[in-house]
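Chain by chain, the residues run as shown.
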Amino acid sequence: MSIEILGISKTFSDFKALDDVTLTIGDGELLALLGPSGSGKTTLLRVLAGLELPDVGSVQENGQDLTSLGARDRNVGLVFQHFALFPHLDVFENIAFSLRVRKRPAAEVQARVTELLHLVQLEGLAHRRPAELSGGQRQRVALARALAARPRVLLLDEPFSALDAKVRHELRGWLRRLHEELGTTTVFVTHDQDEAFELADRVAVFHRGRIEQIGTPDEIYDEPKSPFVLDFLGHVQWLDGLAATPIAVRHRDVTLHATGDAGWAARIVRIHRTGPRVRVDLQLATGQALIAALEPPAAQALTVGQSLRAVAERQYAFAG
Amino acid sequence: MIRIVLTFLAMAWLSVMVLAPVVIVLFAGLSAGVGAWWSAINDEETRTSVALSLKIAAIVVPCNAVFGIAAAWALARFRFPGRALLLALLDLPLSVSPVVSGLVFVLLFGAQGWFGAWLQAHDIQIIFAIPGIVLATAFVTLPMVARELLPLLESQGEDAELAARTLGASGWQTFWLVSFPRMRGALAYGVLLCTARALGEFGAVSVVSGHIRGQTDTLPLHVEILHNEYHFQAAFAAASLLLLVGVATLLLRRLQTPESAH
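Line by line, the protein sequences give chains W and R.
At the far end of the first sequence sits residue 320, using this note's numbering, and the numbering has no gaps.
At the far end of the second sequence sits residue 582, using this note's numbering, and the numbering has no gaps.
Hints in this document: simulated from the structure, not taken from any laboratory.
Here chain R is said to cover these stretches of chain W; the calculated rule only asks that three of the stretch's residues, wherever they fall, bring their Cβ under 8 Å from a Cβ of chain R:
1. 44-58
2. 66-73
3. 77-84
4. 97-111
All figures in this text were calculated on a predicted structure; none of them were measured in a lab.
Every residue gets a Cβ at the ideal spot worked out from N, C-alpha and C, and that includes glycine.
Next up, chain R with everything else stripped away, as it sits in the complex:
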């Protein structure tokens, strides 16, 4: 009895909270037919915003992947002063509101910010420009790769790497022949999550972007603009792209689960 009630409650809640919005977004996006959906996506400004979002992700994800490997490695393998602090800092981007993250960069690099005068003097634009969006996105997605790798590295232990060293492998050989192949699955998932979040980040990017059409509008920001201007069908069509990214992430995760199991 309890089982039925709990299952029903869980399913009902998921349906209302998760399934319904997904269906509604798709339905609203396609409400005027596939042709209208496509022309909304193929719209010049939408295309530019998609391109910008992809560009941002292409810069941010590799950086955070390299940082994530380094941070997870250091945290899992070494005990050093400041380790607890690094662990806490790693979680900060996930626990702090994205708006605050965006504001931090405005405070640092905005016209009235700490480095504002210097940046203006050297004609460098960070806030309301692509560098600002990259920074904000990088900040928000910073922990995603490291957080996937850390538990894996901790559970694997370091014996295999020590074995590689006693067998004559250099540090570089140990990493490429032993460590990297063993973390590939978790790394791929971390990169997927990081990419999905980088493409979808709204709050922090909204603060630093300045919403300059065709220049600093990422896909999520563009969805909001379309919505605010009462282009509901176009807004939902663009939103369905972000939805696809999310669904694709989950599907890819499913595909690579068997390999990452060991």
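Here chain W stands alone, though its shape is the one from the complex:
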């Protein structure tokens, strides 16, 4: 049951949110839409959910056109950034909502909701109101609610951005396991590259309403197709004046050598610890700044002011 997005464009007054986007979502795939705010990723999610009608283009599932199908009839599960739980209903009734509006028999509702409560590990909280839950619990209720009617695709809009860092990491791992267990085709929007890379089978990088690059996390990380993608992934330094076009070097691709004549002559300006790596700020003899992110053992013998050779194990240049 693959979903095809064909040539979709959407303009809001004079802002082009989506510009001729074409994309195929494989059956059972976990796809991340990654990009800065305003890049069109959320608009595409809303088009998939049937909440937004594209100006041009279509959404198809196995050749069947879904474009004009409204949100109500499309049977997609959408999880909102701020969960959008129904505050006046308890956890059970929130999850049961899609079954209640479909007038499913009470016994079936009871069975399905119980199953979902187990799946999201909230068995004991069926009769709490959303206001009595933690952020992570609310998120799981929203997920269970979206899954209740067995949607053809699960859509998540910045699902973890409203949670604190620790819960965010726990839920990421949990969502990945859940996806492997259920196999529901899932699309999620994020501006956090770590999140996209950790969770997704494939990542689509958005920029100004277009898909800049799409591929597996490895493909995108190893072969960024444009300066934007490389920049967006971060931890990269651009160097002008060393070659005909600017070259880019990732912090982690820089190695430092006390001897030899490979690479560039450099002087250490500052050394400081950033999480698992040590960041060394360098100044090249030709004036440019360069940053090296080293494993702690490799940084042990270094001192500020020291002169050495900086080698870029890998560098990127983009024509034009």
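On the provided structure of chain W, position chain R as indicated by the hints.
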């Protein structure tokens, strides 16, 4: 020091301007004893005026509640041409003098009004009759429900309703299962305010009513008549009923505050 002075000033001003009149109305109404108070209220004309006021409110409040929900909904959820105009118009009944509101209806439906000749030809009485009072009251209380709902709907946002739609709810189901339960508190307060104002409206109703005793005299108009005829104790007794409506509104508001908090 400043705190004491400001608190004292506020309390003193409130006492003189609000508390004193309330006490005086009750005191004057009960000056000849509870028996006299009751017989003044139980007077035939007073009873008729109370019944008329209740009837007017029973017609006006549901209409304005439905309109208020629709208007607040449209204003909070949609951006459409004329939205700013609708917002401004919504406030007009609150900002314009009630006398002017009443006069508008006289101008439209009075004997010399735009539709006067046509109405007379078809033997339809609006001014100096109940329809006129209903119209004037409806006009004056028009914004009360919408004004309570609008800020609530705007602060809630539309995510819950969009969620309901993606979960398969029809528009009607979304309204009854999601939107309505969430606006119940504010709606109840808007209805309370609207009812209190509908029962108490004087200016606009005074213009269109014609003060026909036992027919078009609402409770506030009846209070004025009693007062003008030097039945002071009876006037204050009747006025104390309106006062009770006001106090009851505030008490009910207190009761439902915890629920409307979320």
